[in-house]
Every structure is written in C-alpha cells, then in structure tokens.
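As given, the protein sequences belong to chains A and B, one line each in that order. Residue numbering for the first sequence is 1 to 137, as defined by the numbering used here. Residue numbering for the second sequence is 1 to 331, as defined by the numbering used here.
Everything labelled a hint here was simulated from the structure, so no lab data went into it. Even glycine gets a Cβ: it sits at the ideal position worked out from N, Cα and C. It is possible that some hints are incorrect.
[Unchecked claim] Computed list of chain A residues with no C-beta within reach of chain B, every gap over 12 Å: (1) Ala62; (2) Asp63; (3) Ala66; (4) Arg80; (5) Arg96; (6) Ala118; (7) Lys129; (8) Arg132.
[Unchecked claim] Listed next, the in silico DSS-like pairs over lysine-lysine satisfying Cα-Cα at most 25 Å (straight line): (9) Lys50(B) / Lys59(A); (10) Lys50(B) / Lys3(A); (11) Lys98(A) / Lys229(B); (12) Lys102(A) / Lys50(B).
So the chains spell out like this:
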Amino acid sequence: MKKSEVPQDNGRVFEKGSRELYYAVDENGEYTTALSTGWDAKNIVQDHTMQEIQERIDKARADVQAGLASPIVYFMELRRMDWQIVSDYTGIWKWRIKRHAKPAVFAKLKDKILARYADTFEISVAELKNYRGDSCN
Amino acid sequence: MQLDFEHHITAHCENGVASNLLKNKGLHISEPMVFGIGSGLFYVYLPFLKVNHAPGLSYRPAPGWIFNRMAKRLGIQIKRQKFSNKEKAQRVLDENLRNNIPSGLQVGVYHLPYFPEDYRFHFNAHNLVVYGKEDNEYLISDPTMETVHRLTEEQLEKVRFAKGVLAPKGHIYYPVYIPQDIDWEKAITKAIKKTCNDMLAPVPIVGVRGMRMVARAIRKWPSKVGVKKANYYLAQMVRMQEEIGTGGGGFRYIYSAFLQEAGKKINNPQLLELSEEMTKIGDLWRDFAVEASRVYKKRSNQEDVYKKLSDDLLHLADLEEVFFKKLKKAV
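Sequences and hints are given; from them, build the entire structure.
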C-alpha cells in the first residue's frame with residue numbers, strides 16, 4: 001500500500017480520540033508510517049458484529065421475560081461472556097452455571113452464590129435477583 | 001512519579017511494547033525489526049476452538065513468543081513474572097517503578113476504559129507499558145493508542161487479572177540485560193528461516209496449508225451453518241485479520257518493512273525485492289477484506305460470494321507458498 005492510500009474512513013478508534021498506525025510505502029518505495037482514522041471494510045464487519053451481539057442480548061432478555069432463562073444468561077450476553085468465561089470469573093463449574101441458568105434453580109440460589117455472579121457482571125445482588133427482562137441496564 | 005519514557009504508537013501491541021521498552025534502554029530497534037526477528041508472521045486455524053462463538057483463527061504465535069524469540073536471537077534477557085496474589089503483583093510493579101524500570105504488562109482488553117466499546121471483548125493478550133504513578137493512578141503507554149492514558153489501581157488490577165482464555169495472571173515483563181555487540185545478520189537469517197518454516201509447515205492447520213483449509217471451509221459455510229451464521233463467522237475472521245492483531249494485510253506490510261530494513265542492514269538486495277513482493281501480497285489481503293465486507297451490503301448470491309472468497313484465499317495461499325520458498329533460499 002502507498003502512503004497516499006492509507007484509508008481515512010472515520011472508525012471507532014477515531015471516535016474515541018485515537019488513530020491507528022499503518023506501514024506504507026512512500027513515493028520512493030521506502031517504508032514509512034502513516035496514521036489512519038479508520039477503514040470502511042473494518043467499520044462494516046465491526047458494525048455487523050455489534051448487531052449480532054445486540055441480537056444475542058435481545059434474545060436473552062426475551063427468554064428471561066418468558067421465564068425460559070434466568071438473569072444469569074442475560075447478563076452473560078450483556079457482558080459479552082460465554083459459559084467458560086463466567087466460570088473462570090466466578091470459580092463455579094460450567095455445568096453448575098448451566099443449571100443456574102434455569103429460572104427455577106436460580107430462584108433458590110443463596111446470596112453467597114449470587115454475589116459471585118453479581119461481582120462478575122459488575123452489578124449488585126439485588127439487580128441480578130430482580131431482573132425480569134426489562135430493557136434498562 | 002514519572003519515569004523517563006517515550007511513548008510511540010505502533011501497529012501491534014506486543015511489537016510495540018518490546019520496541020518501546022528496548023528504545024528506553026538505549027537499543028534503537030523499530031517495530032518491524034522486532035516483528036521480523038521475533039518471527040511474528042504466522043497463521044493457524046483452530047476450528048475446534050470457538051472464540052466469540054466463531055472458529056478460532058490466529059495470525060500470530062502465542063502471546064509473548066515474538067518478544068521472547070527476538071530476545072533470544074539478540075541475546076537480550078527478559079525477566080517475566082506471573083502472580084496468583086493480586087497485592088503482590090501490585091507490589092512488584094510499584095517496586096519496579098521506584099527502581100526506574102518501565103514495565104510491560106499483559107492485560108485483558110474488556111475492562112480497558114480508554115478502548116472503544118466495539119473493541120472491548122474478552123481478549124487477554126493485549127500489552128502495554130506502565131511508566132509511572134501519580135496520585136494512585138498508573139501512567140499507561142498503550143502502543144496501539146496515539147496518546148498516553150491513566151488507570152486507577154483498581155482498573156489496572158482488573159485488567160491484569162482478567163479471566164478466560166490466556167488469562168494474564170498479572171504477567172509483568174521487562175528487559176534486564178542488553179548485550180553490547182549484536183550479531184544482526186545471524187539473528188535476521190535465523191528469524192527469516194523460522195518464519196518460512198512456519199508458513200510452509202507440513203501441518204494441515206498451520207501456514208499456507210492452514211489458509212487452504214480455511215478456504216475450503218469458507219466455501220461450505222453458507223450451506224453448512226446457514227447464511228446468518230456464515231456471515232457472523234466471516235465478520236469474526238475479517239476482524240481477526242485486520243483488526244485485533246492486524247493479521248492479514250497489516251502484518252504483511254510490517255513484514256515487508258522488516259525485509260526492507262533487514263535487507264539494507266545485512267546488505268542483501270534480494271530481501272529488498274522480496275519486500276516489494278510481500279507488499280503486493282498485503283494489498284491482496286486487504287482486497288480480500290473489502291470483498292468480504294461486501295457480503296453485508298448485498299444480500300443476493302451469498303453462495304457465489306463465499307465461493308469467490310474461497311478462491312481468493314486459495315490464491316493468497318499459492319502466492320505465499322511461492323514467496324516463502326523464495327525467501328527461504330534468499331537467506
């Protein structure tokens with residue numbers, strides 16, 4: 001890529017006040033560096049990814065509302081985690097977390113266990129317990 | 001307290017931290033040189049490992065390897081430490097700062113407040129330098145950022161002890177010895193050979209063979225997992241390629257810059273020619289990303305698009321196979 005071709009299609013990094021460094025060739029064929037504000041190809045796949053993540057969150061929310069899943073599933077998606085990551089943060093085995101994802105099992109959990117989830121999701125135990133599938137948070 | 005440390009933005013975090021730490025110790029080494037001598041160019045496909053709900057793909061060796069290999073080849077010694085105790089991790093860092101040692105840290109990006117929301121995933125192989133502490137805030141030089149940042153003690157502890165795949169466990173590292181005389185020619189030759197062997201490895205999931213395996217998989221995605229999931233997989237692939245570790249085009253350009261610098265340093269004009277060739281391959285990787293991004297604009301003929309992408313990737317694999325065979329002979 002030539003230095004003059006380094007894309008300047010404002011992207012997410014630029015919105016947050018930074019730019020990205022590229023290695024590119026100058027007029028004499030020598031390698032040099034240039035800053036880029038972003039690139040359309042990346043913005044497009046990034047937007048698509050964010051859209052998919054939002055869909056996962058929306059689905060989890062609907063499942064909690066319908067009584068099909070416990071709030072753990074919603075907050076797991078909201079924090080972009082999967083079962084393994086929740087397990088690593090809470091120190092609870094994956095198969096137990098999957099059980100806790102059932103509303104009936106979740107309702108019986110002690111505060112001590114709930115606190116480990118709440119910590120992981122960076123919310124209070126009350127917020128976790130009382131989440132009913134509403135759109136705030 | 002603020003140590004005498006100069007922040008430079010780089011294209012990739014691990015190269016950047018290594019280059020910035022070594023410059024600080026008086027060894028002037030560019031990012032491409034770190035990347036090249038650390039044999040940073042790589043390709044591995046891990047279909048059985050799901051990352052962010054998509055098949056795993058990596059364009060670089062495991063975290064820490066680039067710096068380690070480079071250090072070994074140049075005779076530099078690095079001290080590395082991991083912790084199970086968070087207080088101890090902070091004590092060691094504070095002690096380092098008191099002793100005037102800017103320190104590299106491996107961190108998770110999910111909790112980094114200065115990162116854009118779109119980049120905050122549970123990715124734990126990011127690197128940054130801490131170069132001071134003021135009012136209980138750490139001074140942070142993140143080489144992928146244009147300017148320096150600050151993190152509170154709590155914020156830094158959180159990213160140092162992020163959980164999940166490749167958990168950093170407070171990992172801290174810094175160079176402790178840099179030799180007076182460095183045999184650049186030997187280091188460069190060895191590093192290039194290693195990269196060629198990696199990319200031409202007789203392993204189905206590694207190097208150009210790995211690329212071919214991915215190409216074959218892409219072709220089947222729409223019929224095998226459905227268009228929606230295929231589009232998501234593809235988005236993750238392009239993100240890994242051009243974003244997270246700047247793996248595809250980005251890495252090819254850094255490697256070209258390395259070949260140019262190395263060719264001049266050890267007086268090997270063949271490397272200069274090969275640098276030009278790799279730049280062209282880098283351009284094609286970027287064309288691949290542009291082609292892939294079209295999937296999200298047009299909804300028609302999805303199967304054809306995936307076929308085309310598969311062919312493009314096979315073509316890239318062929319070009320790189322020829323390229324690395326030539327490169328191997330040039331050193």
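Hint check:
With a least CB separation of 17 Å from chain B, Ala62(A) remains clear of the 12 Å interface cut-off, as annotated. Every C-beta of chain B lies more than 12 Å from that of Asp63(A), the closest at about 17 Å, which supports listing it as non-interface. Distance to chain B confirms Ala66(A) as a non-interface residue, since its nearest Cβ pair spans about 22 Å, more than 12 Å. Arg80(A), annotated as away from the interface, has a beta carbon of chain B within 12 Å; the closest lies near 6 Å.
Consistency note on Arg96(A): stated as away from chain B, and its beta-carbon is indeed over 12 Å from all of that chain's, at 16 Å minimum. At roughly 15 Å, the least C-beta separation between Ala118(A) and chain B is larger than 12 Å, which holds for a residue marked as non-interface. Consistency note on Lys129(A): stated as away from chain B, and its beta-carbon is indeed over 12 Å from all of that chain's, at 23 Å minimum. Chain B leaves Arg132(A) outside its interface by the beta-carbon criterion, the shortest separation being 26 Å against a cut-off of 12 Å.
With a CA separation close to 20 Å, the supplied pair Lys50(B) and Lys59(A) stays within the 25 Å bound. Distance check on the hinted pair: Lys50(B) and Lys3(A) sit about 36 Å apart at the alpha-carbon level, beyond 25 Å; violated. Among the hinted pairs, Lys98(A) with Lys229(B) is consistent with the structure: their alpha-carbon atoms are about 23 Å apart, no more than 25 Å. Between Lys102(A) and Lys50(B) the CA atoms are separated by roughly 24 Å; this keeps the pair inside 25 Å, and the hint holds.
Going down the numbered hints, you'll see the structure goes against 4, 10, while the others check out.
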